[in-house]
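These two chains come separately, so use the hints to put the complex back together.
The lines below spell out each chain.
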Amino acid sequence: MMGEGVVASVDTFRAVSITISVLFMLAVIEFIRRNRLKERYAILWLGAGVVLIVLSGWGTLLVDLTRRLGFDVPLNALSLVILFFLIVIVFHFSIAISMESDRTKRLAQEIALLKERLRRVAPEAPPDGPAE
Amino acid sequence: MGTVLSESRYSDGTGAFGGARVKKLLVMMPAYNEAASVAGVVAGVRASLPEATVLVINDGSGDATAAEAARAGAVVLDLPVNLGIGGAEQAGYRYAAQRGFDAVVRVDADGQHPAGEIHKLLERLEAGDVDLVVGSRFLEHPAGAYRPGRLRRLGIGFYAKLIGLITRRRVTDPTSGFRAANRRAIVRFAERYPEDYPEPESLVYAYRLGLRVAEVPVAMLARQASVSSINIPVGAYYAIKVTLAILIDLLRSYKRRPS
Chain H
82 MMGEGVVASV DTFRAVSITI SVLFMLAVIE FIRRNRLKER YAILWLGAGV
132 VLIVLSGWGT LLVDLTRRLG FDVPLNALSL VILFFLIVIV FHFSIAISME
182 SDRTKRLAQE IALLKERLRR VAPEAPPDGP AE
Chain P
11 MGTVLSESRY SDGTGAFGGA RVKKLLVMMP AYNEAASVAG VVAGVRASLP
61 EATVLVINDG SGDATAAEAA RAGAVVLDLP VNLGIGGAEQ AGYRYAAQRG
111 FDAVVRVDAD GQHPAGEIHK LLERLEAGDV DLVVGSRFLE HPAGAYRPGR
161 LRRLGIGFYA KLIGLITRRR VTDPTSGFRA ANRRAIVRFA ERYPEDYPEP
211 ESLVYAYRLG LRVAEVPVAM LARQASVSSI NIPVGAYYAI KVTLAILIDL
261 LRSYKRRPS
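Chains as they are written, first to last, in the numbering used here: chain H, 82 to 213; chain P, 11 to 269.
Isolated chain P, as found in the complex (with noise of 0.2 angstroms):
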C-alpha cells in the first residue's frame, strides 16, 4: 500500500476518512529553538514526500529558527511568545483544520523522526480503521537502534502502564511525539488540546474522545543538536503534573462523535 500524495484540495469537508488515500498531508514540526537542525529535517521531509506541506511551529524561540525553516521551504508560524510543545502542537492542528488538509502528520524538529519513516504512519492511517497512529520505538528492537536513558525508560515505563490501565490498550511508547493524524482527530485536537508535554495525556484524552489509536514500529534516531529539554527536577514536576492531569481528565465526559 503505498503513499499517494496529490495536489487535490480536501474537499467534502465532513471530517469523514476511512480507509481513503491522504490527498492532503500536512507534516507539522514544533520548534523550539533548533536552527541547528531545522533545515535540515525540512529539507529531508520535502524530499522523501514532495507533495506534502511542511510546517515549522517556531515556538518563540531566541534564535534563527523560522528564518532556517523558511529558507528550507517550510510554511511558517512563528508564534510571538512561547506556549510549550502542546500550545505549538495545536496552532500545527488550527492551520490543518482550517486549511482542510486530511492527515497531520507530526515530527520532532531535531532529527529524532526519520523522514524514510513516515510512511510507515501514514500507510497505517490509510487503512482506515484507526484515526491516530504513534511511532514506537519500542515494538520492534533492530540492530543500533535509539535507546533512551535510564531514568527515560522508567517514565516511559510508568506512563505506558498508566495509559494501558486506563486505555485497556497496549501501549508501548506514550511519550513518542512521532505521530500521524486524520481529518477526525485533527477537528478535535484543533478545539482542544493538552498543554506542555503531551504526548502520554493525548494519548488518554484521544481514548476519551473515542478516537482509535494505534501504534506502529518506528526507528528512531538520537537527537541531531539540541539536548532534551526535560531535566530530572523538571521531569518530576511533569510527571505529577501529566499524572494528575490523565486521572482528572477520566472525571470529565467527552460527547463522542461519528466517524
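The shape of chain H in the complex, shown without the other chains (with noise of 0.2 angstroms):
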C-alpha cells in the first residue's frame, strides 16, 4: 500500500519523467534531421518516448501499474517498462549490426572479385589500391 508521502511526490516524478522524454524525443528528432539517425532506427526510441510520457502524464495510469506490478514507487514501474523497451532496442541493433556484417563481408567479396577481374582486363592497371 501507498502512503501519502509517496502519493504526493507521484506529481513531481511525473513532471521530471515528462520532462526527460521530451527533451530526449527532441534530441532524437535534431540527429534525423542532422542525417546523423536514420529514421528506421530512431522508430523504436521515438515510441519508447511516447510511452513513458502516456505513462507519466495519462491520469492514474503511473500509481495503477506501480500498485498492479506490486511495486511501492513509481519509479520502479517506469524503470521496469524502461528496461522492456532498451532489451527491445538492443535486440533489435544486433539484428540489425548482424545483417550489416554480412552485406559488408558482400561487398569486401565483390570489390576483391571486381579487382581480380579488372587486373585480368586491364594488366597494366595497378595490382593494388590502398590497403586497409
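None of these hints come from the bench; they were simulated from the model.
Glycine is no exception: its CB is placed at the ideal position from the N, C-alpha and C atoms.
Each hint can be trusted.
No more than 20 angstroms apart at the CA atoms, straight line, and that leaves these computed lysine to any residue pairs for SDA-like: (1) P:LYS265 x P:THR177; (2) P:LYS171 x P:GLU150; (3) H:LYS119 x P:GLY97; (4) P:LYS251 x H:LEU107; (5) H:LYS119 x P:SER263; (6) P:LYS251 x H:ARG121; (7) P:LYS251 x H:GLU120; (8) P:LYS251 x H:LEU127; (9) P:LYS33 x P:SER58; (10) H:LYS119 x H:LEU167; (11) H:LYS119 x H:SER175; (12) H:LYS119 x P:ALA246; (13) P:LYS251 x P:ARG262; (14) P:LYS251 x H:ARG115; (15) P:LYS265 x H:ASN116.
Chain P residues, not near chain H, derived (Cβ > 12 angstroms throughout): (16) ALA53; (17) ASP73; (18) ARG134; (19) GLY159; (20) PHE168.
Quick list of the computed label-pair ranges, beta carbon to beta carbon: (21) P:ASP73 x H:LEU194: 18 to 24 angstroms; (22) P:LEU261 x H:LEU188: 30 to 36 angstroms; (23) H:LEU188 x P:ALA232: 32 to 38 angstroms; (24) P:VAL91 x H:PHE172: 20 to 26 angstroms.
Right, here's the structure in full:
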C-alpha cells in the first residue's frame, strides 16, 4: 500500500519523467534532422518516449501500474518499462548489426572479385588499391 | 510536340535545361527478383524508344534478374547487396549524373508502367517549366484502368493530403514511381535521395529543394508477375516511417540552386 507521502511525490516524479522524455525525443528528432540517425532506427526510441510520456501523464495510469506490479514507488514501475524497451531496442540493434556485417562481407568480396577481373582485363592497372 | 532523341552527347554540363529537347535519355528500372518480367519490360522500352539507354539496377536479387536484363539489351548495375528501392534508384541517378544524361525516366520492372506512356512524361518535361514529372493514375479515369485495392488507396489518399498540405500543390498519385526527371533533378537526387520506399518522401524533398514538380495523367497496368512488396504490417511500418521522414524533412533547410 502506498503512503500519503509517496502519492504526493508522484506529481513531481511525473513532471521530471515527462520533461526528460520530451527532451530526449527532441534530441532524437534533431539527430534525424542532421542526417546522423536514420528514421528506421529512431522509431523505437520515439515509441519509447511516447509510451513514457503517456504513462507519466495519463491520469492515474502510472500509480495504477505501480500498484498492479506490486511496487512501492512509481520509479520502479517506470524502470521496468524502460528496461523492457532497452532490451527490445538492443536486440533489434544486434539483428541490424548482424545484417550489416553480412552486407559488408559481401561488398568486400565483390570488390576483391572486381579487382581480380580488372587485373585480367587491364593488366597495366596498378595491382593494389590502398591497403586497408 | 514529339520526342526527338539523338545520339549527341549532353555537353554543356551546366545542368541548365529549359524548354530544350531531351538529347540523351536514360530509362531506368530498379528491379528486385523480377526475372520473370524484366526482359519483356526492357524489350518494350527499347522498341518504343530505340535511342534511349535502358538501365536495370538489380537490387541484390536472388534470381536471374541481372542476366535476363542483360540478355534483353539493358545496361545492368548489379548491386551486390539489397539497398531497397530508394538506394537502387539513387544508383541510377548517380549513373545518369556521371554519364551526362539530361533526362531520366524511371519505370517499374514488373510491367506496371507501359512503355507507350513514357512519351507523355517526356513531352511534359520538354516543355521546360518543370524538373520532375510524375505519371498519375488518378488524374483521368479511362475505362478498364488499373485501380489499386482499398487499403492501398487509403495510403495513397493519406500521402496525397499530407504532401498537398506541405507543398500547397495538388498531388493525386504520391506513390507513383512512373517519373521523368531533368538534369537539374538528376544532379540533386544523385547527391541525396530518400531510402526504402522513396516516392512520397521524394516529392516533399523535391519541393524543398526548389524543384518544380508536375503530374500528368497516365495509364498503368496491373503487375505482370510479382506481387507488391508491401503487406499490411510492413505497410503500417512504412506509413509511420515515411510520415516521420516527411515531417522531419520540414525541419531541414536546403540550399535552393538556380535552374
